[in-house]
Structures are given as C-alpha cells and as structure tokens.
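S.K.: Protein chains in written order, with our numbering: chain V, 1 to 419; chain C, 1001 to 1419.
Incorrect hints may appear among the rest.
Quick list of in silico lysine-lysine cross-link-like pairs, DSS-like style, CA-CA up to 25 Å [as the list claims (entries may be wrong)]:
{"hint": "1", "chain 1": "C", "residue 1": "K1413", "chain 2": "V", "residue 2": "K255"}
{"hint": "2", "chain 1": "V", "residue 1": "K345", "chain 2": "C", "residue 2": "K1396"}
{"hint": "3", "chain 1": "V", "residue 1": "K179", "chain 2": "C", "residue 2": "K1082"}
{"hint": "4", "chain 1": "C", "residue 1": "K1038", "chain 2": "C", "residue 2": "K1101"}
{"hint": "5", "chain 1": "C", "residue 1": "K1378", "chain 2": "C", "residue 2": "K1226"}
{"hint": "6", "chain 1": "C", "residue 1": "K1308", "chain 2": "V", "residue 2": "K179"}
{"hint": "7", "chain 1": "V", "residue 1": "K361", "chain 2": "V", "residue 2": "K82"}
{"hint": "8", "chain 1": "V", "residue 1": "K361", "chain 2": "V", "residue 2": "K347"}
{"hint": "9", "chain 1": "V", "residue 1": "K418", "chain 2": "C", "residue 2": "K1289"}
{"hint": "10", "chain 1": "V", "residue 1": "K289", "chain 2": "C", "residue 2": "K1342"}
{"hint": "11", "chain 1": "V", "residue 1": "K283", "chain 2": "V", "residue 2": "K4"}
{"hint": "12", "chain 1": "V", "residue 1": "K179", "chain 2": "C", "residue 2": "K1342"}
{"hint": "13", "chain 1": "C", "residue 1": "K1101", "chain 2": "V", "residue 2": "K289"}
{"hint": "14", "chain 1": "C", "residue 1": "K1308", "chain 2": "C", "residue 2": "K1413"}
{"hint": "15", "chain 1": "C", "residue 1": "K1342", "chain 2": "V", "residue 2": "K396"}
{"hint": "16", "chain 1": "C", "residue 1": "K1226", "chain 2": "C", "residue 2": "K1308"}
{"hint": "17", "chain 1": "V", "residue 1": "K3", "chain 2": "V", "residue 2": "K388"}
{"hint": "18", "chain 1": "V", "residue 1": "K378", "chain 2": "C", "residue 2": "K1396"}
{"hint": "19", "chain 1": "V", "residue 1": "K406", "chain 2": "C", "residue 2": "K1237"}
{"hint": "20", "chain 1": "V", "residue 1": "K345", "chain 2": "V", "residue 2": "K237"}
{"hint": "21", "chain 1": "C", "residue 1": "K1237", "chain 2": "V", "residue 2": "K308"}
{"hint": "22", "chain 1": "V", "residue 1": "K179", "chain 2": "C", "residue 2": "K1004"}
{"hint": "23", "chain 1": "V", "residue 1": "K224", "chain 2": "V", "residue 2": "K283"}
{"hint": "24", "chain 1": "C", "residue 1": "K1308", "chain 2": "V", "residue 2": "K388"}
{"hint": "25", "chain 1": "V", "residue 1": "K289", "chain 2": "C", "residue 2": "K1237"}
{"hint": "26", "chain 1": "C", "residue 1": "K1327", "chain 2": "C", "residue 2": "K1082"}
{"hint": "27", "chain 1": "C", "residue 1": "K1308", "chain 2": "V", "residue 2": "K396"}
{"hint": "28", "chain 1": "V", "residue 1": "K59", "chain 2": "V", "residue 2": "K289"}
{"hint": "29", "chain 1": "V", "residue 1": "K179", "chain 2": "C", "residue 2": "K1237"}
{"hint": "30", "chain 1": "V", "residue 1": "K226", "chain 2": "V", "residue 2": "K237"}
{"hint": "31", "chain 1": "V", "residue 1": "K378", "chain 2": "V", "residue 2": "K396"}
{"hint": "32", "chain 1": "C", "residue 1": "K1003", "chain 2": "C", "residue 2": "K1378"}
{"hint": "33", "chain 1": "V", "residue 1": "K308", "chain 2": "V", "residue 2": "K342"}
{"hint": "34", "chain 1": "C", "residue 1": "K1418", "chain 2": "V", "residue 2": "K236"}
{"hint": "35", "chain 1": "V", "residue 1": "K396", "chain 2": "C", "residue 2": "K1289"}
{"hint": "36", "chain 1": "C", "residue 1": "K1406", "chain 2": "V", "residue 2": "K179"}
{"hint": "37", "chain 1": "V", "residue 1": "K4", "chain 2": "V", "residue 2": "K179"}
{"hint": "38", "chain 1": "V", "residue 1": "K63", "chain 2": "V", "residue 2": "K345"}
{"hint": "39", "chain 1": "V", "residue 1": "K396", "chain 2": "C", "residue 2": "K1388"}
{"hint": "40", "chain 1": "C", "residue 1": "K1378", "chain 2": "V", "residue 2": "K396"}
Derived from the structure by calculation, the hints contain no laboratory data.
Number of protein chains: 2
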Amino acid sequence: MAKKNAFYAQSGGVTAVINASAAGVIETARQHKDKIGKLFAGRNGIIGALTEDLIDTGKESAKDIASLRYTPSGAFGSCRFKLKGLEENKLQYERLIEVFKAHNIGYFFYNGGGDSADTCLKVSQLSEKLGYPLQAIHVPKTVDNDLPITDCCPGFGSVAKYVAVSVREASFDVASMAKTSTKVFVMEVMGRHAGWIAAAGGLASDERCELPIVILFPEIAFNKTKFLAKVNATVKKHGYCSVVVSEGVKGEDGKFLSDQGMRDAFGHAQLGGAAPVIANMVKEALGYKFHWAVADYLQRAARHIASKTDVDQAYALGKKAVELALKGDNAVMPTVDRVSDKPYKWKIGVAQLSKVANVEKMMPRNFITADGFGITEKCRTYLAPLIKGEDYPPFKDGLPQYVQLKNVAVTKKLKEFKV
Amino acid sequence: MAKKNAFYAQSGGVTAVINASAAGVIETARQHKDKIGKLFAGRNGIIGALTEDLIDTGKESAKDIASLRYTPSGAFGSCRFKLKGLEENKLQYERLIEVFKAHNIGYFFYNGGGDSADTCLKVSQLSEKLGYPLQAIHVPKTVDNDLPITDCCPGFGSVAKYVAVSVREASFDVASMAKTSTKVFVMEVMGRHAGWIAAAGGLASDERCELPIVILFPEIAFNKTKFLAKVNATVKKHGYCSVVVSEGVKGEDGKFLSDQGMRDAFGHAQLGGAAPVIANMVKEALGYKFHWAVADYLQRAARHIASKTDVDQAYALGKKAVELALKGDNAVMPTVDRVSDKPYKWKIGVAQLSKVANVEKMMPRNFITADGFGITEKCRTYLAPLIKGEDYPPFKDGLPQYVQLKNVAVTKKLKEFKV
C-alpha cells in the first residue's frame, strides 16, 4: 500500500469527548507513519475540505494532541452543513475528491452523527465511481445517542453523567428549601427527538439515594392533566419534586412545549425554553413555588464531569477507525459492542455504513415506565454503566487546562470554491 | 461553665458548602463534650426552633457527619423566614428563648446570610434582656458574597468556580460551532443585587486561555445600544462571543430585564429569565444564531466542582464558631481574613454582629472595566484565589455519594406554637 495522507473532520454539535476521538485518530496515525503520511484536519468540518482550508495536525506537539483527550468541543471547528444527495449536488462531492487528490489524501475520517455517516458513505461511493481510491471511515459521535448498531454513542455518556449528577445535586437543594420556599425544580435537557438524555435524569435517584423525579420524554405526548396530577402527588408525598424535561417534548397538538407563542411587551415573538413553560404551569395550577434551569451547552461541554467510560470509548473508536483504514476497510464505522451489563464489559466492533446512514435509534417504550414519567429497570441497566468512572481534566489555579491548538493552515493548491 | 446543649440551624438559600460548616460545628462540638452536651439542629432552619422541631444530631454516625463536608444543600432543611423586629414580633423571640430554655440550650449557632445575622443579633440581645444566658454565634454563608467585614462568604467560591468552569467550557463549544451555527452563547447566573457571581464568569478567560466574554452586571444599568455594539464588535473580532448575564440586571427604567411583560398565547404573564431576553435581543438586532442557558440551582448545588478553598473556609468557620462560643464570646461572627493575595493566605478572624447585620457589601466600581462589560485586574486578584483547588466528593457507579441524614426528632416538651 502506497503512503497516503489522511483527512479528519468533526461534524455537527460538538461534545465533551469528540476531541478524545480526534486524539485516538491522530495518535494512532502517528504510530503508522510508514502508511499514513500527513494527517490534515478540516477547519470547521467538511467546509474545510470543500474550501481547501486544511489544518496540518503535524504542527501540533504530542503533548497538545494528548491534551485533546480531556478538552471538550471540536478542536478544529465543526459545522452544521449537510451535503445534499449525490444527484442534487454532484459539484460538492466532486470538489471533495478534487481536494483529496490535490493533497494525496487516501483516508477520510469523518467524526459525527447520522447525517455525517450518510455523507461519509456517499463520499466513499463517489470515490469508487470516479476511480479515486479513498477509504472512508465514520467515527460515531452524538450526545443524542441515536445511531444504530453501536450500543451507545460517544458524547452521550458524559451528558448523561452531567444530567444525573446535576439532577441529584439540585434535588438535594430543593429538598432543603421545600418547607417554606421552592417545592418544584424543573431542569430542561437536550434531545429533540429521543429521550435518552432526559432518561439519564432518572439515574439521579437509586436505591442508595432515593429522590422524587418526574421525567418528560419527547416520546410521550405531553398530557397537562396527568403531569400536574403526578407533580402534585409527588410533592404531597415527598414535600418536593424535580422535573426533568426534554427540549423535544410536544403537546398532544404536536407542537413543541417551548413554542407557546410567547410574546414580549411589544408583541415580538420570543423563543423560550420548555422549562419555564412547565414551571409556570405548575405555579398556576398548583401554586407551588418553583425554580427552573436550562442546561443547554453546559451539559454537552461539561468535560469536567465527563464519564470515564465515555472518554475511553471515544478514544478507542478513533483509534479503531485508523486501524480499520490500515487493514483496508472502507465505508464502515467502528461501534461499541456491549459484552455484558454486570460487570459492564464492552469491545469495539464494526458496522457497514450502509446500515448506519439514515437510521435513528429511538428509546424503546419499555425503557419508560407505564405512566410515562420515569425509567424502568431495563433502562437503568442500559444507562448505568455509561456514566461510570470519572476522568477529571488537569486543573491549574482552579480552572481546567483545556488545549487551544495552533491549527496551522496548509498551503492551498486549488482555485477558490464557494460553499 | 455549666454544661449546656447547643442549637444549630441553616438559613436562606443553601449552598454547596453550608453542610461543610455544619460538619465543622458538629465535629468540633463533639470534641468538647465536657462543655457542650447535645447538639440539636433546627428542622428547616429557625422554624424548627419556633415549632420545637429539633433534630438530635447525636443520632448521626461520625461517618455521616464527616460526609456533610462533601454534601451540598442543607442537611437539616433550611427556610426562607425572616423574624421581624423585636417590637413587632416579640412573641416569636420569646418563643425561641422558651424552647432554648426547655432544652437547656446555651449556644445558638445560626448559619446564614445578612438577614440571619440580624436575627442572631436580636436573639442575643433578647436573651440578655430576659436574663436567659445564651451565646449567639453567626456562621456566615451566602453565594451572593455580600456580607461585610469577612473577605468572602462560604458558598460563593464554589459558585464562582462552577460559573468560571462552565463559561470556559461553553465558550469552547461556541467557538467550535461559530462558523456555520451558534455565534453567541448567553448564560444567566445568580446575583439579584450584586455582580460577584457574574464577575466570576470573567475568570473563564485568562492569559493561558483567552476567550471573548461580555458580562452584564446588576451594578451597571443595561444599555441596549452599547451592549449590542459590544457583542457585534466581539463577534466580528473573534467569530463568537459568550455573554454572562446576572439575573439582577435592570434596564435604564429600573425594571429587571427578566421582567419584560412576557405573555403566553393565552395572555398569561410568564416569568422568564434574563438570558432568553438577551439572546432574542441579539438575534433580532444582529441576526446571530444563539444558545442560552440558565444555571439556577445547578450553580449553587454543584458540589462536584466545589472550590477546595471554599470548602476549607466553610469548615474552618463552623469550627471557629464553636471555639468562640467555648471561650465565652457572644453576638459575633467568625470571618475569613485575607492575609495575602499571591500566594493566597487567609486566616479566621472575628467580627461583632452589630457591624455585620443589615450591611450589604457591593462590588466596588473599580472591579468592573470602564465600559461596564468586564472585570479589572483588581477584581481578578480578588476572585482568583477563591476558586482554587478541587475537592471532589467520593463517587460510586458514576454518581457522587452525598449523605442523607436520619434527622431523628427530639421529643417535644412544650405546647404547639403556630408560625
């Protein structure tokens, strides 16, 4: 096999551990300099490839690349940019191949979710069609945990841990205040389509530390009457209640709870969250004092409380992607395969990209309790190992020491291309 | 000195380290069984004293009391309940003395902010007047950091650390997304009167890790034009921007930003946050895609990322309170005295309660940059040591192992008293 360069890009919403996958890719590639020449990263994801804005990762020290393992976010920049179908947008795909050819790139590592799995597959198909040899490997990443075949998605375990820890801590807080003040705490979490992240809030309560938690899943149409009855019964029994609400919860009318036609004093539409809507609803119907939080980016960027399991898997998947490329694989994605629940054991497997692209893994209904407000033992068995272990970043003067790479640009060889 | 029992209560909003002060009080009291008999805690703060709902802390194991050091929230329950002036509400004060008398309580430890310092002082004055000997010691606590004399308030350092770490992490996230998606991230933090907590967001950026952060302080009247110009200039220069907004920010009309007369589709008033108001304002005027978070209870309950400095001080103040009582002091509060900035050194001092009660320590204007959107070096020198050091709680199966006490009630001796 002739020595070829490699291309790596990060795609979509970033996570606490996508850079750990990057470290896995880069460190493993550096161990095989006989086969992999330079490793270029796309500045701001696939846009970097289209505009020939490549970063020479070879300019980064071994220490800085190792630091990626504990640095959240996308170190080379990510993007929300979906390539359209091959027929609709052949120009963009051909441009990719042109850039890869110009820089002697033979390996394409794409680190993202469902959409980028699809892009990765199409790039592989086109390279075959155009007779340009390219091995396209997808590295899974998504806090939404909705990729098929792999048991879980890197990024999810750390969000799940953040949510479980935060809900536990805030529940302790509300419990202290409930006698004369706040009785209901509402926390909004991510997950527009699937309730995996909301479900993690359920882990805050376990047999060693019981806490009253009500979860609102996007999979269950919101029923105001049932919800208020549940909250009221919970407060009556425990004195307080924590509510975890997924941003994706919809009413029976199919509209997002967060989209309640809110207007400011001037009549301007305001984009609010689901948490304040839920909190105000509780106050109005039950009169309980409330507090609410919206975790937003904090949850997916919280590398300081990342799951060690998640970090290890993210790194292992990046490493495996390079190993798969070296043994000649194409149009595949390394996966996390669960070997056993208790003790939790996992290994890295491989999936064909054709079976990954455009398939969303939803939460099974039997992961949600019959009343729709909690998680079942089955769900707990699945989730619990994913948040296991701490992997603190190094701190200095009280702050985590995350790395900011130099990101030196590679000299362009081609004409400009408008994206 | 005859052997007397002691009473301890937690007051107001709880923090990540108020239980560390409780551990300091209880463990130190246990070391002086010759002078301090039983240590009772008020269930839900001072309400527990008024209703004679006392908890026998002697029923808790040494291990559980030690666990308080790393457990957030108020382990005995807190309350938002301010005793009125002595003249207006003599009955309540007399009831307190009656309960203390019934349970042979000679030491009164009150763990709270400015209001409870005032209550503590009044209890001390009344006991003198009624000829019932009582030593009243106030243990400082407040995330707002607004108590006078003490250099800082336990609870603040940990919130400051949470905010600094979270803003750093979220800023890394926005930086990754800015090319094609989110350019402005807004995070709302606590601090209705003083901007101490918002200021801590400025620590996220330092000479080792520069990040573009704009802060909105309650001390500076919000000027929409200037703010939008600042955000726009920041995004133009850095590609993105993080905004830290205090919940207490008011417009030039003196109204809270969060109180924008928001109505839902049915015309019901909605209590929103300042963050969505700011975020929508940026979107409307500048067209930048935004994300926003409201940290709310998460920030003050986040024991998992507490400041070691804060934990150590909280414990030391609880310990000192007992020592002051043992040497006969009354109507005092132990304080944190700063000995030096670099290296940071502190010791425990003592303040007269008469000089603490009803005094609020605001942020000096020279802690805020001239343009009103950042912190000065003076502010940084003050804040930086307070977030130093990590003090992780023990984890099991991925979750922090916080203690839930037994909180066994003491048998009542008096008639019921309606609060």
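S.K.: Confirm or reject each hint.
M.R.: Results of checking the hints against the structure:
1. Taking the CA atoms of K1413 of chain C and K255 of chain V, the gap is near 57 Å; set against the 25 Å cutoff, the hint is violated.
2. With a CA separation close to 17 Å, the supplied pair K345 of chain V and K1396 of chain C stays within the 25 Å bound.
3. Taking the CA atoms of K179 of chain V and K1082 of chain C, the gap is near 14 Å; set against the 25 Å cutoff, the hint holds.
4. A threshold of 25 Å between alpha carbons decides the hint, and for K1038 of chain C with K1101 of chain C the separation of about 14 Å falls inside it, so the pair holds.
5. Our distance criterion of 25 Å between C-alpha atoms is met by K1378 of chain C and K1226 of chain C, whose separation comes to about 24 Å.
6. Between the alpha carbons of K1308 of chain C and K179 of chain V the distance comes to roughly 30 Å, so the proposed pair goes past 25 Å and is violated.
7. Only pairs whose Cα atoms come within 25 Å are accepted, and K361 of chain V paired with K82 of chain V is accepted, the gap being roughly 20 Å.
8. Between the alpha carbons of K361 of chain V and K347 of chain V the distance comes to roughly 20 Å, so the proposed pair stays at or under 25 Å and holds.
9. Restraint check for K418 of chain V and K1289 of chain C: the C-alpha separation of about 22 Å stays at or below 25 Å, so the hint holds.
10. Taken as a hint, the K289 of chain V and K1342 of chain C pair is broken in the structure, with Cα atoms around 44 Å apart against an allowance of 25 Å.
11. For the suggested pair K283 of chain V and K4 of chain V, the alpha carbons sit about 63 Å apart, so the restraint of at most 25 Å is broken.
12. With a CA separation close to 43 Å, the supplied pair K179 of chain V and K1342 of chain C exceeds the 25 Å bound.
13. Simply put, K1101 of chain C and K289 of chain V have alpha-carbon atoms about 35 Å apart, too far for the 25 Å limit, and the pair is violated.
14. Using a Cα cut-off of 25 Å, the hinted pair K1308 of chain C and K1413 of chain C is violated, with the two alpha carbons roughly 41 Å apart.
15. For the given pair, K1342 of chain C sits about 15 Å from K396 of chain V by alpha-carbon distance, which is consistent with the 25 Å threshold.
16. Annotation: proposed proximity of K1226 of chain C to K1308 of chain C is violated, straight-line Cα distance about 38 Å (limit 25 Å).
17. A C-alpha spacing of about 40 Å is found between K3 of chain V and K388 of chain V, which places the hinted pair above 25 Å, so the restraint is violated.
18. Of the supplied pair hints, the one linking K378 of chain V and K1396 of chain C holds, its CA atoms being roughly 20 Å apart against a limit of 25 Å.
19. At most 25 Å may separate the alpha-carbon atoms for a hinted pair to count; K406 of chain V and K1237 of chain C meet this at roughly 18 Å.
20. Between K345 of chain V and K237 of chain V the alpha-carbon distance is near 38 Å, which puts this suggested pair outside the 25 Å criterion.
21. Note on K1237 of chain C and K308 of chain V: the hinted pairing is violated, with a Cα-Cα distance of about 36 Å set against a maximum of 25 Å.
22. With a C-alpha separation of about 29 Å, the suggested pair K179 of chain V and K1004 of chain C falls outside the 25 Å cut-off, and the hint is violated.
23. Between K224 of chain V and K283 of chain V the CA atoms are separated by roughly 13 Å; this keeps the pair inside 25 Å, and the hint holds.
24. Only pairs whose Cα atoms come within 25 Å are accepted, and K1308 of chain C paired with K388 of chain V is accepted, the gap being roughly 24 Å.
25. Among the hinted pairs, K289 of chain V with K1237 of chain C is inconsistent with the structure: their alpha-carbon atoms are about 43 Å apart, more than 25 Å.
26. For the proposed pair K1327 of chain C and K1082 of chain C, the alpha carbon gap of about 29 Å is over 25 Å, so the pair is violated.
27. Under the criterion of a C-alpha separation no larger than 25 Å, the hint pairing K1308 of chain C with K396 of chain V is consistent with the structure, at around 13 Å.
28. Proposed proximity of K59 of chain V and K289 of chain V is contradicted: the alpha carbons are some 55 Å apart, above 25 Å.
29. A distance of roughly 49 Å separates the Cα atoms of K179 of chain V and K1237 of chain C; the hinted pair therefore is violated under the 25 Å criterion.
30. Proximity of K226 of chain V to K237 of chain V is assessed by CA-CA distance (about 16 Å); at most 25 Å being required, the pair is judged to hold.
31. For the given pair, K378 of chain V sits about 41 Å from K396 of chain V by alpha-carbon distance, which is inconsistent with the 25 Å threshold.
32. Taking the CA atoms of K1003 of chain C and K1378 of chain C, the gap is near 48 Å; set against the 25 Å cutoff, the hint is violated.
33. The suggested pairing of K308 of chain V with K342 of chain V holds, with an alpha-carbon distance near 17 Å, which does not exceed 25 Å.
34. Distance restraint check for K1418 of chain C and K236 of chain V: the Cα-Cα separation of roughly 21 Å lies within the 25 Å cut-off, and the hinted pair is therefore satisfied.
35. Under the criterion of a C-alpha separation no larger than 25 Å, the hint pairing K396 of chain V with K1289 of chain C is inconsistent with the structure, at around 33 Å.
36. In summary, the hint linking K1406 of chain C to K179 of chain V is supported, as the alpha carbons are separated by about 17 Å, within the 25 Å threshold.
37. The suggested pairing of K4 of chain V with K179 of chain V is violated, with an alpha-carbon distance near 67 Å, which exceeds 25 Å.
38. A distance of roughly 30 Å separates the Cα atoms of K63 of chain V and K345 of chain V; the hinted pair therefore is violated under the 25 Å criterion.
39. Between K396 of chain V and K1388 of chain C, the direct Cα distance comes to roughly 8 Å. Compliance with the 25 Å bound is thereby established for this hinted pair.
40. A C-alpha spacing of about 20 Å is found between K1378 of chain C and K396 of chain V, which places the hinted pair at or below 25 Å, so the restraint holds.
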